[in-house]
Amino acid sequence: MRRCALCAGPHLSFPAADSSLDLQVCEECANVKLVRETVQLSVDVEPGMPHGHVITVFEEGEADADGDPGDLNLQLHLLPHPRFRREGRDLHLTASITLLEALTGFSHEVEHLDGHKVRHRAALTRACRQHAERVRSGRPRTETVLRRRSSWSEQRSRSRAKSSASPNKACPCTAMSYARATW
Amino acid sequence: MPVYGDELRKGDLVVAFTVDFPQQVTEQQKQALRKLLV
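Residue numbers (my numbering), protein chains in the order written: chain U, 69 to 251; chain C, 8 to 45.
Some clues are possibly wrong.
[To be verified] 25 Å max Cα-Cα, derived SDA-like pairs, lysine to any residue: (1) K37(C) / T25(C); (2) K17(C) / M117(U); (3) K17(C) / V111(U).
Please keep in mind that the hints were generated in silico from the structure rather than gathered at the bench.
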């Protein structure tokens, strides 16, 4: 939005007859020299907004030929985090454990983005061939995926753990991890 | 992380553990491992 340099009043723009320039006239005084205004805007970015989400700020865009202000559209671009990776609504994190920890069980603490600690204890970790076994630069590595259930699905996870007598046929390893995970 | 538009729901935190295998195992350690695991 542009304002008059002398009286700071709003202006109207009219297309000139013989060129692509606009004829800009102040509504409140005779001045026709106009300057671009710098405004600091405060925009609320809510938790969970996805990459590419567009936030529209009403009537803070450029004025059209009639002087009506357009909207300002802000598009969010998420920068990569050094530790966490976002996939939809899930956060992914990779941590290393020793072979001894994998065989005898371990306790692992993760510091979350907001600083609170998430502790995971596993009595036994088993490799999951479907998810994980892979070789990186000639060095054998095995991953086991353990999933932190969120509050709304925690009960479902616990009921799954109770019924671990009938493990998931598609991925017995993951079922084992669900069953033995204590959060 | 929180689901946008539904504050009561949250996504999962998925932790993938990579197991670091030892670079070298001596013959003595191998025999001990065989004894333990077989």
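Indices of hints not satisfied (ascending): The structure breaks none of the hints.
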